[in-house]
Structure formats: C-alpha cells, structure tokens
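Go by the hints and put chain B onto chain A.
Going down the list, the protein sequences come from chains A and B. The opening residue of the first sequence carries number 1 in my numbering; numbering runs sequentially from there. The opening residue of the second sequence carries number 1 in my numbering; numbering runs sequentially from there.
Honestly, the hints are just simulated from the structure, not real lab data. You may find that some hints are simply not true.
Said to hold, decoys possible - Chain B residues, not near chain A, derived (Cβ > 12 Å throughout):
no.: 1; residue: Phe152
no.: 2; residue: Ile195
no.: 3; residue: Met294
Unchecked claim - Computed from the model, here is a short list of chain B residues facing chain A with C-beta under 10 Å:
no.: 4; residue: Ala175
no.: 5; residue: Leu178
no.: 6; residue: Asp180
no.: 7; residue: Ser181
no.: 8; residue: Ser182
no.: 9; residue: His191
no.: 10; residue: Asp192
no.: 11; residue: Pro272
no.: 12; residue: Leu275
All residues carry an ideal CB built from backbone N, CA and C; glycine is no exception.
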Amino acid sequence: MTLLVAENVGIRFGGVRAVENVSFAVQAGHIFSIIGPNGAGKTTLFNVLSGIYRPDSGRVLLAGEDVTGMPPHRLAAKGIARTFQNLQIFYGMTVVENVMVGRHLREDRRIVPSMLGLPSAARQNRATRQKAREILAFVGLGDPADEPAGSLPYGALRRLEIARALALEPRLLLLDEPAAGCNPVETAELGELVRSIVRQGVTIMLVEHDMRFVMQISDRLLVLDGGRTLAEGSAAALRQNPEVIAAYLGRHGAREANPALS
Amino acid sequence: MRALLSARWVTLGVLCLVIAALPLVFPSSYYYRVAALVWISAIAAVGLNILMGYAGQVSLGHAGFLGIGAYAVAIGPARFGLNSWLCILLGALLSAALAWLVGRTILRLRGHYLAIATLGFGFLIALVLANEARWTGGPDGTPVARVSVAGFRLAGPVTWYWLSGALLALGTALALNLEDSSVGRALRALHDSEIAAALAGIDVARCKLWAFIIAAVYASVAGSMLALFDGFVTPDVASFLRSIDLVAMVVVGGIGSSAGSILGAGLLVTLPQFLTVFAEYEQIALGLIIMLVMIFLRRGIVPTAQQLFAPRRR
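Bound-form chain A, shown alone (with noise of 0.2 Å):
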C-alpha cells in the first residue's frame, strides 16, 4: 500500500527554486530516505511534507487524501510526526513532558475540566505520563524520566525528540538527521531504534549525511540535487547509478557506499 504521494511538489523563496517538481511515493512500512548534498532542498522537503511550507505546486497525498497545504497540527492529527536536524526540544520541561505534551491529540483538551483539576484529568494526567514513561523506556531513556531536558546530553535530546514523535502513535515519521552528531555505536543503535519502529508499522521517511547508514537502512531513496530529483530507487541500484555516483557521493562517498568499489 502506497501511504505518502509527493506529485510535482516545488517551493519557492523569492527567486530561489528550492524544490522543484519533485515527485515519489512511499509504501507504508518502508524506510524511504531522502539524500542529497547540502542545499538540496531536502529539509525543505520535509518542511512541506510535515505543513511547515505550503508548496507553490504540486500535491501531497497522505494515504490517498490530499493534505496539501494543511497546517501541522492537522498533519499530525492525521499521523505525520517528525523530529528536527537542529533539536526543539521544550528545554522549560522535563524529560517525561516533553513526551507527554506528543500525547496531545490523545487528551482530552477541553479547559474547564483542566482547570478544575476533576479526578479525571488526574486519571489522564496518570495515563499519559504511564504511556510516556513507556516510551521512554522503548526509546532507551527510561531512567531520566523526570529530570529536566536540558540535563540530557545530545545523543539523548534526539532519542527524546523520536519519543515525543512516537507519542502521536504516528502512521509516518519524519526524521531529519537523527545520526548528526552521533558516534558509529551511538549510530548504530540508532539504527536498531529505526527498525524497531518500522516493526510496529510506522513508516519512516529519513533525511541523513551518513552514508554507510542510510544505504544500510533505506528501503528506497530518493537522491535530491539543486532542489530536483536526480535518482530514485534501492540502496543497490543507486550504488551503480553513474550520474549519482558523479554528481553527489563522489568517489569518497562511492566508496563509502559500497565497499566493493574500491
């Protein structure tokens, strides 16, 4: 089943084409990454996919609806979550907050009840923090539940994000370099989070830098350059791609990419 369809997407900031007619679509359950060099427009990709940008053209379809243009916290009602390249993080909150505040959309939000303080928001208040906590626990943080977030170092603030994220329950997880600034353990474990989630049928769309991991991972990928497609396929297919392998991943990252080259 096709969840996500990008047809023809481009977005413009004054005269700069920063994506342009862009299309792909991504099966549900798979680990769909998008790569390209800096300025490819792959953020800003994501930054149209999650409703921080309405695109110029083209249209977006989540599970055959069109969610073109939709603001985030409509998105995110319809199961799109995501985490960011530089970390937002409620820095105000602890580590346990942070994830509950995901868990929005699953509370019950009316204010008098809230202010009331009735035995029913303090069940909720309960559940919540419950399935918080359980997430935590499932990303590996479940020990710093209520120190603050601030107290977390950084490999940790991006496990926190992928936990705020799942607390939505999201059909489709955006995650925009989840291994910058990680370590090859740190990275390798990321790894298995990665396909720990996919198992519990979450769709994962992924921009990341690091090669050897995203070539390890992805089911398919989608290669940007200049805010354009330049290839789409598997990890072994794009390895033998000369035009990808010329234009972005040069002979370093060829390398990188597929041992056997070099």
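Only chain B this time, still in chain A's reference frame:
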C-alpha cells in the same frame, strides 16, 4: 508525578496558611487593607502568569482588563440596577469576549511587536474610560456601590481580606491545575518551540488565544474586586503604569511560577508602603530593589530559591 503533585499542594497549602495566619501579626486594620490589595493584585498576576509564564506571550496592556472589570461593577449597578455579583461575571464575560476579538489578531505578532500591540490596547481602554465621561465619570472617576450578601453589607478591610484571600486561593488552585494538564503542557511547549508544539498536534494560535482569554478573565475579576473594595474607581485602574506593575509582579516573583506571581504582587504592593521612610526617594528605592532582584535573581525570586534549596536529584 508525586513531585509535581506535591509541589502543587505545597504551593496551595503555604498560601492558605499565610492567608490564615497573617492576621495574627496584624497590629491594625490598616494592614488588612494592604494585604487585601496584595491578594487582589496577586489574582491578576497569577492570571497574567498563565499568559506570560506558561505560554511565553507578553501583554503590556493587561490593566485594560482590570479597568473593564472595575467599571463593570461601577456602571452596572448604578446605571442598570444590576446585581454587583452579576456584574463581576458580566465584566469577566466582556473581558473574555474582547480578549478573544483582540487576541485573534494581535497574538499573531511575536516578541516586541506583540508587546507594542498589547500596549496600544491598554492605552485604548484607558482612553475610553477617561473620555466617555457620560458613562464612566471621566478622569474624576465614579463611585462604586457597596455589595451585600443576604443583607450583610460587605465593607471594611477585614471582610475584604478574607474575601480576596479566598478568591486568590481559588484562582491559584485553578492556575496550578491548568499547569499540569494537557492544555498547560501545550502552553509551556509552545513557549519553548512553537514549531515543535504544532507538530505535536497543538493548535498554537488557539492555545495562545485561550491563555490570553484566561489571563483577561483573572484581571477582570481582580479589577472588579478592587473597585468594590475601594468603593470608587478612576481610569487610573487601567493605566499603563498598572500594566507595567502587573508585568513586574510576574517577572520579579519568577516567571512561570504562580507562587512567584503572588510573592511579586506582595513585594510590589507592600514595598512602597515600607519605603515611605525614603520620602521623595521612594520611587528610586523601589526601582533599585527591582533592578537588584533581576540582576542577582535573574529567573525571579521563587524559581531561583527553588533551584538553591532543591535537593540534588541523582
């Protein structure tokens, strides 16, 4: 969770204890009067803290809502023969409606721009109150009818001390409940990152609007109490300096902390009384104290103290 829950009850418990015990050390009824003014100001400050401390949105015109509440209990009974209690409610409803109308537009602005827009709103209310003399009595103000409950006239500082104290305890309880609820978390989240909050499914514009409305209602009720207590009201209640006073209470006490807002209200209402010994230098002394607090206790009094005395969790 236990930590959060207990923090909520500690704040509320200490507040009730202070309200109950203070009269034991009051030598004269003058002290009841000052304390009642503290409680009333604190109601507005606790409300403003929901907007500023939870949601991180500034309002430099919040005394405008104080004015609406105050004039509601002045004009309603005098001109329309309405019950004063009903007028508190009507003032709160009017403030909520106005906050909704104004907030929908100006809450799209951020930072300095929002500050200036709310500033303008405050000026506008103060101007209307001063100029619509036919209704408001103009700059000279207008008397406010005393209220009574079951034939018992509510007057005198002692009665108002207990009344405003009880209302403050209630308002604080509501604010603390909100803080640890799904809406409260949404407000605190958008304070830190609007984009991440939106992607977590939070309707950021709507949440900000709610915070603005709630803060307006708190201020309006406080304004009504102030007018009923004083028995007289002038446009000064909605002045720019009042708005700044409210912001200062929230910030000095510790932004985001309800206890801090109450403490801030206590400081900003009582300090001028103590500082009368400085005679003409009173304002300078007050300004200096506020500056020193902000320099040395940057996050405000209560959060700084909490950090100092909290046991290090490991």
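Hints, one by one, checked against the model:
Residue placement check: Phe152 (chain B) keeps its beta carbon more than 12 Å from all beta carbons of chain A (closest about 29 Å). Distance check on Ile195 (chain B): its Cβ comes as close as 6 Å (rounded) to a Cβ of chain A, failing to clear the 12 Å threshold; non-interface status is violated. Here Met294 (chain B) stays apart from chain A, with its beta-carbon at least about 19 Å from theirs, past the 12 Å limit. Residue-level restraint check for Ala175 (chain B) holds (minimum Cβ-Cβ distance to chain A is 8 Å; threshold 10 Å).
Interface hint status for Leu178 (chain B): upheld, as the beta-carbon distance to the closest one in chain A is roughly 5 Å, under 10 Å. The restraint placing Asp180 (chain B) at the interface with chain A holds, with a minimum CB-CB distance near 6 Å, inside the 10 Å limit. Because the closest C-beta pair between Ser181 (chain B) and chain A is about 4 Å apart, less than 10 Å, the hint holds. With a least beta-carbon distance of about 4 Å to chain A, the hint placing Ser182 (chain B) at the interface is held under the 10 Å criterion.
Of the supplied interface hints, the one on His191 (chain B) holds, with its beta-carbon coming within about 6 Å of a beta-carbon of chain A, less than 10 Å. Taken as an interface hint, Asp192 (chain B) checks out: its beta carbon lies about 4 Å from the nearest beta carbon of chain A, inside 10 Å. Interface hint at Pro272 (chain B): violated, since its Cβ lies 32 Å from the closest Cβ of chain A, which is beyond the 10 Å cut-off. Because the closest C-beta pair between Leu275 (chain B) and chain A is about 34 Å apart, greater than 10 Å, the hint is violated.
In terms of the numbered hints stated before, the structure departs from hints 2, 11 and 12, listed from lowest to highest.
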